[in-house]
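Could you put the whole structure together from the sequences, leaning on the hints where they help?
4 protein chains.
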Amino acid sequence: MDKVRVGMVGYKFMGKAHSNAYRALPMFFPDAPKPEMKAVCGRDPQGVEAARAQFGWESAETDWRRLVERDDIDLVDINAPSDAHKEIAVAAAAAGKHLFCEKPLALTLDDARDMLAAAEKAGVKHMIGFNYRFVPAVQLAKKLVAEGRIGKIYHFRATFLQDWIIDPEFPLVWRLQKEIAGSGSHGDLGAHLIDLARFLIGEFEEVVGMSETFIKERPIPSSMTGLSAKGSADGPRGEVTVDDATLFLARFAGGALGSFEATRFAAGHRCTNAFEINGSKGSVKFDFERMNELQVFFRDDAEDVQGFRRVLATDPAHPYMDAWWPPGHTIGFEHTFTHEVRELLLAIAGNRQPVPNFTDGVKCQEVLEAVDLSIAERRWVRIDELR
Amino acid sequence: MDKVRVGMVGYKFMGKAHSNAYRALPMFFPDAPKPEMKAVCGRDPQGVEAARAQFGWESAETDWRRLVERDDIDLVDINAPSDAHKEIAVAAAAAGKHLFCEKPLALTLDDARDMLAAAEKAGVKHMIGFNYRFVPAVQLAKKLVAEGRIGKIYHFRATFLQDWIIDPEFPLVWRLQKEIAGSGSHGDLGAHLIDLARFLIGEFEEVVGMSETFIKERPIPSSMTGLSAKGSADGPRGEVTVDDATLFLARFAGGALGSFEATRFAAGHRCTNAFEINGSKGSVKFDFERMNELQVFFRDDAEDVQGFRRVLATDPAHPYMDAWWPPGHTIGFEHTFTHEVRELLLAIAGNRQPVPNFTDGVKCQEVLEAVDLSIAERRWVRIDELR
Amino acid sequence: MDKVRVGMVGYKFMGKAHSNAYRALPMFFPDAPKPEMKAVCGRDPQGVEAARAQFGWESAETDWRRLVERDDIDLVDINAPSDAHKEIAVAAAAAGKHLFCEKPLALTLDDARDMLAAAEKAGVKHMIGFNYRFVPAVQLAKKLVAEGRIGKIYHFRATFLQDWIIDPEFPLVWRLQKEIAGSGSHGDLGAHLIDLARFLIGEFEEVVGMSETFIKERPIPSSMTGLSAKGSADGPRGEVTVDDATLFLARFAGGALGSFEATRFAAGHRCTNAFEINGSKGSVKFDFERMNELQVFFRDDAEDVQGFRRVLATDPAHPYMDAWWPPGHTIGFEHTFTHEVRELLLAIAGNRQPVPNFTDGVKCQEVLEAVDLSIAERRWVRIDELR
Amino acid sequence: MDKVRVGMVGYKFMGKAHSNAYRALPMFFPDAPKPEMKAVCGRDPQGVEAARAQFGWESAETDWRRLVERDDIDLVDINAPSDAHKEIAVAAAAAGKHLFCEKPLALTLDDARDMLAAAEKAGVKHMIGFNYRFVPAVQLAKKLVAEGRIGKIYHFRATFLQDWIIDPEFPLVWRLQKEIAGSGSHGDLGAHLIDLARFLIGEFEEVVGMSETFIKERPIPSSMTGLSAKGSADGPRGEVTVDDATLFLARFAGGALGSFEATRFAAGHRCTNAFEINGSKGSVKFDFERMNELQVFFRDDAEDVQGFRRVLATDPAHPYMDAWWPPGHTIGFEHTFTHEVRELLLAIAGNRQPVPNFTDGVKCQEVLEAVDLSIAERRWVRIDELR
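Residue numbers (full-length UniProt numbering), protein chains in the order written: chain P, 1 to 387; chain B, 1 to 387; chain Y, 1 to 387; chain X, 1 to 387.
Honestly, the hints are just simulated from the structure, not real lab data. Treat the hints with caution; some may be incorrect.
Copies of the same chain are indistinguishable here, so a pair counts whether it falls within one copy or spans any two.
Claimed, not checked - Below, a list of computed lysine-lysine pairs in the BS3-like style, where the Cα atoms sit at most 27 Å apart:
#, residue 1, residue 2
1, K152, K216
2, K178, K152
3, K285, K152
4, K34, K3
5, K281, K216
6, K12, K152
7, K38, K12
8, K216, K3
9, K38, K3
10, K178, K12
11, K216, K178
12, K121, K12
13, K38, K142
14, K38, K121
15, K178, K3
16, K281, K12
17, K34, K216
18, K142, K152
19, K12, K34
20, K34, K178
21, K3, K121
Note that this is a predicted model, so its numbers are computed, not measured.
Spelled out as structure tokens, the structure:
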């Protein structure tokens with residue numbers, strides 16, 4: 001199999017990122033099957049046509065039901081708003097399509113499990129869009145942990161700090177409405193942290209959390225879009241039904257202690273998706289705002305020159321980087337998706353499940369809901385309570 | 001009053017730091033009364049005599065009871081191990097001496113309250129050694145918050161990360177024994193974070209925490225000292241009875257969310273006493289390893305040049321710094337104590353209570369014990385449950 | 001004009017970068033004409049065909065003379081080794097093609113002037129590939145200077161530090177041979193610094209320099225490629241005929257003092273293309289290894305919060321960035337070329353010369369040769385001596 | 001010899017720094033002889049008496065001639081304005097006193113040589129105040145170079161950037177007058193860079209430089225002091241007779257290339273005394289604004305984790321630091337002097353010349369004057385032309 005025919009539902013922020021990845025892949029990773037960009041789908045005929053033209057899709061659809069039925073499509077890429085994920089994924093699986101779904105998998109754990117079950121029943125490949133796994137510096141962190149160079153893990157601490165809704169007059173976009181988004185910073189940002197923790201140091205055992213909605217009401221926007229929107233200060237206001245910030249502590253199966261914080265109210269932080277791992281032999285630190293760098297410390301360095309090393313992960317020795325530019329030449333956010341779809345297409349070609357897949361989506365959702373339960377009941381919750 | 005006669009109990013790490021502060025004060029802050037270094041006290045006659053000579057005290061005592069009775073002493077400085085604080089402080093107060101006590105105030109909240117009561121009953125001045133308040137960059141953060149330049153506070157996140165006992169063969173020094181130290185990283189490091197949070201953004205409302213002792217047994221050291229010691233790998237081992245790491249979440253009376261972590265197992269961190277405050281107008285960040293710097297962000301900066309400013313807090317416009325060197329010339333850790341004893345001596349001269357004082361010590365202890373209770377009962381604990 | 005038909009000569013590092021830019025442009029900048037990737041050209045039939053397939057060109061040529069004659073081509077993109085630039089450019093201009101030439105324009109100032117004359121005589125558009133102008137953070141620096149927000153400029157200091165040939169066994173690739181490359185670090189790296197200086201603060205007046213070849217002989221490589229190659233330690237060696245490092249001081253027409261250093265022997269620096277500008281009102285600092293950031297200082301900030309701001313140039317307020325991702329999501333090296341070809345294609349469509357063009361190439365070459373003359377004669381050289 | 005009796009001439013910035021060092025030394029370095037602070041000298045009776053009281057000197061003198069004659073003084077510490085150095089030093093040497101002179105040694109190379117000759121003739125110990133050698137992180141850099149861990153040195157690049165006179169209304173203090181200060185940024189700041197280069201990588205061979213006085217006239221100050229002063233915008237103005245900025249290139253005897261820049265017009269830089277050394281095996285970087293840190297890179301680190309290490313030079317393994325505080329607890333600017341006087345007093349006790357001494361002062365002056373000559377004659381100047 002040297003090509004995979006793709007149909008994509010959704011064309012906003014994530015749709016643009018995915019489109020770009022499909023276009024970049026063949027040039028930088030000719031080892032992977034070539035994606036054919038068959039069709040993009042969205043409800044607004046003019047919007048989807050404009051996206052089709054700009055992003056380079058062959059055709060446009062306005063009804064996802066039509067798209068999942070098309071027999072010239074092998075893979076359905078779902079990046080519509082979160083409340084639509086389940087229905088599309090289940091239908092696409094039933095139609096025998098491979099699945100690539102943005103996170104969060106679904107609005108609830110039950111829905112996520114249904115989606116996994118549908119994919120497994122259909123025997124299709126399924127991937128979930130935890131793209132931060134595919135940052136070269138993150139892969140390097142994984143490699144160091146996996147090779148035992150950090151030792152036994154004691155601590156994992158992670159924050160995802162943004163400030164895009166800190167203005168109280170920022171309008172009530174869909175990401176601030178529970179019935180569409182499912183969750184606020186917890187599901188949007190915290191989900192990434194949870195997945196990175198699982199990827200890097202293993203499974204969660206128990207959690208305790210807290211959350212807050214600092215701004216309870218916001219202007220209702222005249223037009224609703226992905227991340228930006230306009231509302232009127234004099235116009236009607238609606239209730240914010242998701243969390244602005246969620247924090248939790250965790251204990252991992254391997255014995256590590258975890259600290260997690262996701263917020264959209266950290267002034268000055270545009271996208272501080274950051275983690276640090278401390279182990280018996282060393283430490284690693286990452287901050288997505290400097291995504292090409294990994295800070296690494298080794299306890300067995302000579303006594304007089306111990307210190308965190310700023311590793312610029314752009315050398316051929318670093319994951320993915322021999323496909324790109326000479327050392328010192330950085331890559332950007334969008335290529336996390338290029339690496340991600342490479343994994344997806346190689347998995348399809350190799351007849352194996354890609355990683356991360358819907359199982360990872362379900363496990364992430366378990367932790368998210370365990371935190372929610374913990375907040376509701378003001379106590380520690382073991383992940384296996386949800387099983 | 002232009003001089004204050006000091007007697008000091010303890011001469012290890014903190015005793016050295018305090019001695020240095022008394023020596024430096026008159027040169028840099030001639031506005032404060034001059035401390036007269038009358039006597040230093042310790043149980044080991046040779047040790048205390050060596051400290052007396054090196055640090056420049058006029059006389060040495062081996063029994064603190066004698067020291068607190070001496071009528072040529074106005075102020076008793078207590079930096080002996082934590083289990084001795086209460087008895088000395090109560091006796092010194094009864095003798096009418098002003099009190100300067102290292103943190104933690106006592107091993108338990110009850111003892112701390114007794115100490116405060118004793119000081120209040122005696123009508124003496126009392127100060128507690130939360131020296132990090134006296135870092136110029138921290139004072140600058142306080143000023144920015146107090147002047148409303150950060151706005152309403154949403155988040156406070158703090159870590160105190162060290163790695164000095166990460167080696168499992170590091171011996172069982174007194175700081176790892178509950179009956180002497182009271183607590184491990186929680187009371188030693190976390191106490192500083194709690195005090196900084198109270199200083200900077202106000203009172204705690206409720207907490208939930210977790211803690212761990214990663215290395216359960218360690219070699220019993222041949223000789224016991226402040227921070228360094230030697231043990232034998234083949235020799236006898238004893239149980240570590242304090243926490244290696246403690247984390248907790250908090251809600252503040254003002255509505256902010258807090259995240260706190262204190263650990264001695266963060267490889268590569270020698271002394272990362274760090275905090276960040278996010279408010280509706282801006283943010284500040286501090287890391288003690290770069291103690292002369294404060295990172296500051298303002299939301300109302302021009303749109304195209306927003307970013308965290310690295311403020312090198314060494315200008316005359318910065319707290320304390322007109323007493324020191326020209327801009328760009330940094331000061332070190334030890335002068336947190338110089339500023340601290342200035343506050344103490346000015347308060348004594350001005351017949352007011354210094355800040356922070358035993359009341360702050362008690363309030364810090366309340367939070368520490370609320371976290372302990374939360375860990376024991378696996379639930380959120382309100383601070384007022386302890387009152 | 002809504003499309004421009006491109007033929008490209010060369011397909012190594014720069015050819016890959018240009019190809020990627022042509023592919024990315026329509027997706028992110030639909031305001032520009034769409035480039036049609038008609039033909040790629042190289043001497044090795046298998047190599048060029050592989051590049052054609054991977055990079056997505058419609059056809060391949062092995063003789064650049066055929067390519068420049070093709071009447072389905074509007075624009076000739078020249079990124080072959082530097083010694084071939086002139087002949088191709090002159091022929092392509094004669095054939096009425098617009099020109100896009102990688103830097104350095106030519107091996108000598110005379111050749112560069114001939115190229116400019118040929119382009120002007122033919123009345124075609126001409127651009128030179130000083131891609132670093134097109135980093136958003138660099139454009140932001142330019143904007144701040146141009147708007148007077150940095151004030152009168154006193155200092156410009158720039159370094160381009162790499163370490164890719166620091167190993168004495170690294171082989172004698174074409175970039176180390178004067179007859180092909182024209183120059184070493186001076187022409188390769190220093191040329192970028194010179195162009196950035198001209199772009200940001202204006203024309204040079206006089207220079208004095210020094211240079212060195214630290215490793216005089218190197219293994220002759222078995223196969224010669226762009227940046228990587230293999231040689232044998234036992235095999236034959238050849239003389240390195242270009243500089244390993246060149247430094248120079250400069251005085252600018254506007255009165256500023258300049259310091260420049262280009263080296264391939266700075267261990268630990270993969271691509272430190274960095275500059276700092278100090279003016280009467282403020283300063284800016286840039287380092288390509290963190291290409292999404294600009295450090296900015298303003299003297300009129302409030303006294304107690306002055307400091308360099310780390311501006312993450314990924315907001316909509318920053319040049320180009322509304323075409324990309326949400327704030328905090330960085331872009332990579334390759335999109336300097338995307339922005340560059342946008343300028344080129346917009347200029348062609350708008351019937352104006354793009355910037356930077358061959359005139360900038362000539363002026364850069366003047367400074368390069370003034371430095372060379374200064375080194376040869378051990379004295380200051382005024383740029384106008386070369387005119 | 002267990003004590004050295006000190007008389008000090010000058011009591012402004014440097015006098016305060018030296019006084020503090022004498023006071024701190026016995027507490028932190030009991031291995032050194034104890035300095036006895038016998039007398040401080042200055043022309044203004046009230047000023048010198050105030051300094052005496054604040055800094056803790058036993059007596060005050062208003063005529064340095066009396067001071068150098070006192071037979072209860074072993075060591076004369078000269079930190080008066082530079083134009084007074086020579087006369088005092090020669091007289092003190094003649095009186096058999098050991099000498100500790102601030103930099104620059106004298107206003108001219110000839111005077112510096114006379115001072116060295118006088119000291120040698122008298123057989124006294126002589127030290128010059130290049131205090132930056134005594135930063136622990138700088139000593140660590142020296143150690144790494146000396147042990148061969150950086151390899152053969154290719155590059156030394158150094159800047160000393162300040163901004164304290166960038167305001168054109170800053171008055172014409174003595175440091176801006178050639179007849180008193182001898183030189184501007186070149187002699188004040190550049191001298192430190194030259195000494196650090198000599199200390200770290202060896203002797204200079206030849207130099208070429210440039211300099212500028214950006215602000216030619218300034219208000220004449222009403223009262224003249226060390227670094228701060230007030231002038232009136234309407235009042236009389238006088239000519240600035242020293243350089244605001246001086247840059248130069250250098251070739252070292254060992255083959256390295258050097259770049260040097262000293263300026264007082266770099267907005268945002270309070271005290272960026274910074275250098276980087278690149279060698280065949282690695283690199284080190286230092287910035288005095290973060291004086292407790294050294295950045296270190298080793299080429300033989302494992303390929304996937306190469307990067308500059310941020311070494312916080314506060315461990316017992318680092319120079320001087322076992323005398324101070326636990327790891328992670330930084331020291332400040334002033335203790336460069338504490339380490340400096342330790343060297344001086346140990347040398348006096350050990351009957352050897354301290355390092356750096358007047359010979360280093362003369363060699364620094366040679367380089368300073370070679371740069372001046374180079375500027376005057378617009379050509380490269382070999383250091384040995386001045387011998």
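Evaluation of the provided hints:
In this assembly of identical chains, K152 and K216 lie within 27 Å of each other by CA distance solely across copies; the values are 15 Å between and 43 Å within a copy. In this assembly of identical chains, K178 and K152 lie within 27 Å of each other by CA distance solely across copies; the values are 26 Å between and 39 Å within a copy. Only within a single protomer do K285 and K152 lie at most 27 Å apart by alpha-carbon distance; the minimum there is 16 Å, versus 30 Å between protomers. Taking CA atoms no more than 27 Å apart as the test, K34 paired with K3 passes in both settings, with 4 Å inside one copy and 26 Å between copies.
For the homomeric pair K281 and K216, the shortest alpha-carbon distance between copies (18 Å) is at most 27 Å, but the shortest distance inside one copy (45 Å) is not. For the homomeric pair K12 and K152, neither the shortest alpha-carbon distance inside one copy (41 Å) nor that between copies (33 Å) is at most 27 Å. Taking the shortest Cα distances, K38 and K12 sit within 27 Å of each other inside one copy (17 Å), while across copies they are farther apart (31 Å). Taking CA atoms no more than 27 Å apart as the test, K216 paired with K3 passes in neither setting, with 49 Å inside one copy and 50 Å between copies.
Both within a single protomer and between protomers do K38 and K3 lie at most 27 Å apart by alpha-carbon distance, with minima of 12 Å and 23 Å respectively. Proximity of K178 to K12 under the C-alpha cut-off of 27 Å is restricted to the intra-copy arrangement: shortest distance 19 Å within a copy versus 50 Å between copies. In the homo-oligomer, the alpha carbons of K216 and K178 lie at most 27 Å apart inside one protomer (13 Å), although the nearest pairing across protomers, at 45 Å, exceeds that limit. Taking the shortest alpha-carbon separations for K121 and K12, neither the intra-copy value of 30 Å nor the inter-copy value of 47 Å comes in at or below 27 Å.
Within a single copy, K38 and K142 get their C-alpha atoms no closer than 35 Å, and across copies no closer than 42 Å, so neither meets the 27 Å cut-off. Only within a single protomer do K38 and K121 lie at most 27 Å apart by alpha-carbon distance; the minimum there is 26 Å, versus 46 Å between protomers. When the C-alpha separation of K178 and K3 is checked against a cutoff of 27 Å, the pair qualifies neither within a copy, at 38 Å, nor between copies, at 45 Å. Within a single copy, K281 and K12 get their C-alpha atoms no closer than 43 Å, and across copies no closer than 30 Å, so neither meets the 27 Å cut-off.
Neither within a single protomer nor between protomers do K34 and K216 lie at most 27 Å apart by alpha-carbon distance, with minima of 47 Å and 46 Å respectively. Within a single copy, K142 and K152 get their C-alpha atoms as close as 13 Å, which meets the 27 Å cut-off; across copies the closest is 36 Å, which misses it. Taking the shortest Cα distances, K12 and K34 sit within 27 Å of each other both inside one copy (23 Å) and across copies (22 Å). For the identical chains of this complex, K34 and K178 are neighbours neither inside a copy (37 Å) nor across copies (41 Å), given an alpha-carbon limit of 27 Å.
When the C-alpha separation of K3 and K121 is checked against a cutoff of 27 Å, the pair qualifies only within one copy, where the shortest distance is 24 Å, while the shortest distance between copies is 48 Å.
Checked against the numbered hints above, the structure breaks hints 6, 8, 12, 13, 15, 16, 17, 20 and satisfies the rest.
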